[in-house]
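If you read the protein sequences in the order shown, they are chains A and B. Take the first sequence: its letter number 176 is residue 176 in the working numbering, and every next letter is one higher. Take the second sequence: its letter number 60 is residue 60 in the working numbering, and every next letter is one higher.
Source of the hints: derived by calculation from the structure; they are not laboratory data. Mixed in with the good hints there might be a few duds.
Claimed, not checked - List of simulated lysine-lysine pairs, DSS-like, C-alpha gap at most 27 Å:
1. A:K244 - B:K224
2. A:K236 - B:K188
3. A:K20 - B:K286
4. B:K188 - A:K50
5. A:K244 - B:K218
6. A:K233 - B:K286
7. A:K233 - A:K248
8. B:K189 - A:K150
9. B:K286 - A:K18
10. A:K222 - B:K130
11. B:K188 - A:K46
12. B:K17 - B:K189
13. B:K201 - A:K248
14. B:K33 - A:K219
15. A:K46 - B:K190
16. B:K196 - B:K260
17. A:K104 - A:K54
18. B:K260 - A:K46
19. A:K248 - B:K323
20. B:K188 - A:K48
21. A:K48 - A:K150
22. B:K189 - A:K106
23. A:K104 - A:K48
24. A:K50 - B:K189
25. B:K189 - A:K46
26. B:K196 - A:K154
27. A:K236 - A:K248
28. B:K265 - A:K228
What the hints assert, rightly or not - So the derived label-pair ranges between C-beta atoms look like this:
29. B:P71 - A:E49: 42 to 50 Å
30. B:A151 - A:G208: 16 to 24 Å
31. A:V188 - B:K224: 39 to 47 Å
32. A:V224 - B:Q313: 49 to 57 Å
33. A:P231 - B:A66: 49 to 57 Å
34. A:K222 - B:A151: 15 to 23 Å
35. B:D128 - A:E88: 45 to 53 Å
36. A:P230 - B:Q12: 30 to 38 Å
37. B:N3 - A:K54: 48 to 56 Å
38. B:A66 - A:S206: 38 to 46 Å
39. B:I176 - A:P231: 51 to 59 Å
40. A:P231 - B:Q313: 20 to 28 Å
Even for Gly, the Cβ is constructed at its ideal location relative to N, Cα and C.
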Amino acid sequence: MEIYVLVKQVPDPEAIVKVKSDAELEIENKYFTSFFDEIAVEAGLKLKEKFGGKVTVLTVDNRRVDALRRGISMGADDAVQIADPALEGSDQFAIARTLSAYLKDKPFDLILTGRQAMDDDAGIVGPAVAECLGIPHVHSIIGLEVDDQKREAKVIREVENGRENLACPLPALFTCQKGLNTPRIPLVMNVMKAMKAQIKKVDLTSLGLGQSDVSPYIKIEKYVPPPKRPPVKMIKEDFPENVKTLVKLLREEAKVI
Amino acid sequence: MSNDIWVLAEHQEGKVKKIIFELLSAGIDFSKKTGQEVAVLLLGSGLEEATKSLTPFADKIYLMDAPSFTPYTSDAYLASIASLIKEHQPSIFLGGATSTGKDLFPRLAMHLQTGYAPDCTGLSMGEDGKLIARRPLFGGKAFAEMAFSEARPQMATVRNNAFLVNENPDRSAKVISVPPHIDPSLLKKKVTGFEKAVGAKLDITEADIVVAAGRGIKAPENFKIIEDLADALNASVGTTRATVDEGWRDLKDQIGKSGKNISAKLYMAFGISGAIHHVLGIGTCKTVVAVDTDPNALVFNYADYGIAGDLFQIVPALTEELKRVLSSE
Ligand SMILES: Cc1cc2nc3c(=O)[nH]c(=O)nc-3n(C[C@H](O)[C@H](O)[C@H](O)COP(=O)(O)OP(=O)(O)OC[C@H]3O[C@@H](n4cnc5c(N)ncnc54)[C@H](O)[C@@H]3O)c2cc1C
Ligand SMILES: Nc1ncnc2c1ncn2[C@@H]1O[C@H](COP(=O)(O)O)[C@@H](O)[C@H]1O
Numbered sequence: 001m002e003i004y005v006l007v008k009q010v011p012d013p014e015a016i017v018k019v020k021s022d023a024e025l026e027i028e029n030k031y032f033t034s035f036f037d038e039i040a041v042e043a044g045l046k047l048k049e050k051f052g053g054k055v056t057v058l059t060v061d062n063r064r065v066d067a068l069r070r071g072i073s074m075g076a077d078d079a080v081q082i083a084d085p086a087l088e089g090s091d092q093f094a095i096a097r098t099l100s101a102y103l104k105d106k107p108f109d110l111i112l113t114g115r116q117a118m119d120d121d122a123g124i125v126g127p128a129v130a131e132c133l134g135i136p137h138v139h140s141i142i143g144l145e146v147d148d149q150k151r152e153a154k155v156i157r158e159v160e161n162g163r164e165n166l167a168c169p170l171p172a173l174f175t176c177q178k179g180l181n182t183p184r185i186p187l188v189m190n191v192m193k194a195m196k197a198q199i200k201k202v203d204l205t206s207l208g209l210g211q212s213d214v215s216p217y218i219k220i221e222k223y224v225p226p227p228k229r230p231p232v233k234m235i236k237e238d239f240p241e242n243v244k245t246l247v248k249l250l251r252e253e254a255k256v257i
Numbered sequence: 001m002s003n004d005i006w007v008l009a010e011h012q013e014g015k016v017k018k019i020i021f022e023l024l025s026a027g028i029d030f031s032k033k034t035g036q037e038v039a040v041l042l043l044g045s046g047l048e049e050a051t052k053s054l055t056p057f058a059d060k061i062y063l064m065d066a067p068s069f070t071p072y073t074s075d076a077y078l079a080s081i082a083s084l085i086k087e088h089q090p091s092i093f094l095g096g097a098t099s100t101g102k103d104l105f106p107r108l109a110m111h112l113q114t115g116y117a118p119d120c121t122g123l124s125m126g127e128d129g130k131l132i133a134r135r136p137l138f139g140g141k142a143f144a145e146m147a148f149s150e151a152r153p154q155m156a157t158v159r160n161n162a163f164l165v166n167e168n169p170d171r172s173a174k175v176i177s178v179p180p181h182i183d184p185s186l187l188k189k190k191v192t193g194f195e196k197a198v199g200a201k202l203d204i205t206e207a208d209i210v211v212a213a214g215r216g217i218k219a220p221e222n223f224k225i226i227e228d229l230a231d232a233l234n235a236s237v238g239t240t241r242a243t244v245d246e247g248w249r250d251l252k253d254q255i256g257k258s259g260k261n262i263s264a265k266l267y268m269a270f271g272i273s274g275a276i277h278h279v280l281g282i283g284t285c286k287t288v289v290a291v292d293t294d295p296n297a298l299v300f301n302y303a304d305y306g307i308a309g310d311l312f313q314i315v316p317a318l319t320e321e322l323k324r325v326l327s328s329e
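Chain B on its own, in the form it takes in the complex (with noise of 0.2 Å):
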């Protein structure tokens, strides 16, 4: 048994994503307590850039290089890391609580037949290797702390900003080459097409800043001041289900219990009311900011700064306020 702590590394464009350097960063702090080896699981073609990236944050890169791995399918990662995993043996696998992780994990975690603990927002690690897991039960209402049984590994997905990445990693990985598992007649799903989202603003979920408006913008070209903010902080724009009810905003930019939770370290809300369903999206962001004209919203019970006041006036304000502060840097 190998006893290391693997993060399955997802990857964008050769761009590795910032969860990943973060959970790798807390792997590491894990490590230093249990003696533990780091290792990343990379999948994919044309991995250069990734692995270059990947180098400093771990002991061991396991590399399979294949096309079939790109684009994802359950189908083709499943066979390959089961095998992996069944050889090495590793006492941790943690990955993103991203579309790929949610679709990944749970299935794996069963085929090996071991527990996963889904969307955590913090691990720690007991002397002996046992790793807990934190995550929201009741979209936030409530959190538990999961143990997991005798199986291995113990799995887990985390959403962003869990864990500060380390700035000083200060490790060299070995690469392994790994020759991949494909049983073509494993493959069953297909990827026919893909609709790339307008905008190249990261995703909600993965975006340090959101800037949101709701129903109180009154109209959907009235965005053009959100999306004008949200230029000035590098922010992605999101939304509540009321806007999306109408038919102004795009589903996958919904906050809240029927859409995404987000966990950004800074979240403004702007003529949105505070519904219990929406709120419930938003409670592992760091600092929350709320405007709406009305001073008794119940969004202000959910925000560190708040101010009663018109949206119109006051997000072309903040947006110049902002362009000119932080270009005086």
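Bound conformation, chain A alone (with noise of 0.2 Å):
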């Protein structure tokens, strides 16, 4: 199988993130490859594991290739950078369609990635690629399974009521969820040598994309800092006084119950 996982690089979410002002955020350099993203190598692998073929990691960054490099240490075979200065300030879209462009031609038979992204939260992009690839989508699976004969994928996917069990033909764009799978600990000794490991670096024009391909949908007008949460109430009366008073505070108070 021909697979290609879609991975990013995003702020820890342990890192500190503040509003500097409107147009601007510090974020604290601390930076791991996205929880989901890495779930989705996971799974790649393992049906390479189990039916032989290719996981290709891919990439759109100017800068950081750590996740990619984390998909080597992984397992990866291959691993792609999309780089061009026309790329900042683009949203998830434009990477759709960067990722997309790159895509179109390749044999791919199932392209995994995140539910979303750790830094966004947007889970846009997968989506976003599928309906670029003209190939169906199943957004934040649990459950996966490959039919390789029948070119079929079986799928859980997580409602809000229970789970819903899916058939879908390949090739297919899944979006992975946790629960799926428990990603693997590179070794150390696979650590080092995807140190080292060639990167292709491809850029729009390569693809045939110019700047108003990538124009953004959505923009950022402003950034706000989180609403503060007035300091904490500690009830400090004794039991079973506290529990009263938490009551009493709950209806009077906090009009919640």
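Could you use the hints to bring the two separately framed chains together as a complex?
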């Protein structure tokens, strides 16, 4: 099977993020490969182990290729970085068009992405790539089995009131959610090797794209700090008065019950 | 160009979801300023009850009645909705930030080559009919106000409890039946089965009140006291990654960065330390209560009310007190 996994290096959830001004965030330099993307890589590697073939990791990023190296150290065969100054300030739709331009003439059976990137939490790129390529997609899968002969995948999707089973012909794109698998921790030796691995670099011109193809549909007008919660009110009374006080506060002050 | 505000009406077993009434209420508010009409898109079959409940909340209901809309697949929805949008060119198209909304909207936006702001916590409308969508970034460490390019419609999905439901919406929708646009060759995915979650509770993303316990609960069977508290409050039960990884609770109930973001009116955390990965999922809850034996637990930094105490003592007493107070109304 030919499998492509879309990966992104993002600030770690523990990194400090502050609104510096309307137009700028200050982000602590603490990055990791987006959590759900590692799940996508793991899903690709499992299928490769079963059916043979190749896993390629792909990123659009002008600066960071660490997610690609993480993919290689886990066992991906190939890595491609798409970078171009014209991509500065692009949105998820532009990223999706760029990725699709690269993928459109590749012999893919399956494209895997994260449910959402852990920085923008958007969940746009996966379904948007599927639309550009004209292939079916399923968002947020927690189960995946492929029948290579029938060229069909059976997936489980999480919905509000339960789990839905779907059958989907290949090629297809799935966005991966926690629960699908537990990503492997790469061996130190493989991490070292990945540091030196060759990474193909591609720009927009070679994909036949110009600046107008990556103009954004949405843009951030303004950053706003999160609403501040007033300091906690600790209820200091002894049990059981503290319980009575809590109920009273919830009814009379917060008015939520 | 119709310039209307459209909302996709999601429904389950005949009942329209609460977020849809919230969105329509916001739409009615906007329309008072801009004179736009508010329209609902209702897809499925056997839609009488849903139609009835939506009628006071809109000026128009576009009704597409076809069995292939149930259960939802993006394949069936996309072509039908896209052709209707192209015909009427609404200015705004909104949906709930639900499993359906998150599956459909990004693909539909790409198809229509227009902007989409996902998982928003607020919307506002400029005099010029331009929508501003507010959404959390980095799990809520910062928010962004998003604007759209000139393309229309301006699309967004919105989390629960972003708006109050209008008690007196005062509209009376005209029902317009539309033939669905279903090309069987485009129906690639097939839903082959459905496993309903045990219990009749709302999903934690939809519930007004969520009560949760973490590793401090010590054993899976101890969740009984949390379930009892939830019953007294008509709440749903959430949890942390720690208990999910232990196999004590189901993944669908995990709150946080690698689980779900909840926007409840009231969230109560018992025996939860308040790791950043967890509290990122509760940033848009209105009121937060934390109970933990450790008075220095991080969770208190994110709470409105806190008790440093033993959950095994407090939870059962709280359930009893709530039952007493709520039944005396
Ligand atoms: C990439 C990544 C993603 C993650 N995503 C998530 C996520 O989505 N959601 C999530 O929850 N976590 C997530 N985590 C894990 C997170 O970092 C914490 O490990 C986890 O939230 C801790 O769960 P907990 O509060 O239940 O357990 P603990 O941290 O062990 O806290 C237990 C608490 O219970 C208290 N306690 C003990 N006994 C009692 C008692 N009798 N009464 C009252 N209190 C008591 C203790 O004082 C303690 O504060 C993620 C981690 C990583 C690295
Ligand atoms: N710049 C990028 N390069 C490669 N893949 C990406 C990029 N941005 C997003 N993705 C993929 O799309 C998923 C959803 O991203 P998003 O729409 O930004 O939430 C991520 O989990 C990745 O798998």
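Consistency of the hints with the structure:
no. : hint                        : verdict
1   : A:K244 - B:K224             : holds, 22 Å
2   : A:K236 - B:K188             : violated, 60 Å
3   : A:K20 - B:K286              : holds, 25 Å
4   : B:K188 - A:K50              : holds, 25 Å
5   : A:K244 - B:K218             : holds, 25 Å
6   : A:K233 - B:K286             : holds, 15 Å
7   : A:K233 - A:K248             : holds, 13 Å
8   : B:K189 - A:K150             : holds, 14 Å
9   : B:K286 - A:K18              : holds, 22 Å
10  : A:K222 - B:K130             : holds, 15 Å
11  : B:K188 - A:K46              : holds, 25 Å
12  : B:K17 - B:K189              : holds, 25 Å
13  : B:K201 - A:K248             : holds, 26 Å
14  : B:K33 - A:K219              : holds, 24 Å
15  : A:K46 - B:K190              : holds, 24 Å
16  : B:K196 - B:K260             : holds, 19 Å
17  : A:K104 - A:K54              : holds, 17 Å
18  : B:K260 - A:K46              : holds, 26 Å
19  : A:K248 - B:K323             : holds, 13 Å
20  : B:K188 - A:K48              : holds, 24 Å
21  : A:K48 - A:K150              : holds, 17 Å
22  : B:K189 - A:K106             : holds, 22 Å
23  : A:K104 - A:K48              : holds, 21 Å
24  : A:K50 - B:K189              : holds, 24 Å
25  : B:K189 - A:K46              : holds, 23 Å
26  : B:K196 - A:K154             : holds, 18 Å
27  : A:K236 - A:K248             : holds, 14 Å
28  : B:K265 - A:K228             : holds, 16 Å
29  : B:P71 - A:E49: 42 to 50 Å   : violated, 33 Å
30  : B:A151 - A:G208: 16 to 24 Å : holds, 22 Å
31  : A:V188 - B:K224: 39 to 47 Å : holds, 45 Å
32  : A:V224 - B:Q313: 49 to 57 Å : violated, 40 Å
33  : A:P231 - B:A66: 49 to 57 Å  : holds, 54 Å
34  : A:K222 - B:A151: 15 to 23 Å : holds, 21 Å
35  : B:D128 - A:E88: 45 to 53 Å  : violated, 28 Å
36  : A:P230 - B:Q12: 30 to 38 Å  : holds, 36 Å
37  : B:N3 - A:K54: 48 to 56 Å    : holds, 50 Å
38  : B:A66 - A:S206: 38 to 46 Å  : holds, 44 Å
39  : B:I176 - A:P231: 51 to 59 Å : holds, 52 Å
40  : A:P231 - B:Q313: 20 to 28 Å : holds, 25 Å
Checked against the numbered hints listed earlier, the structure breaks hints 2, 29, 32, 35; every other hint is satisfied.
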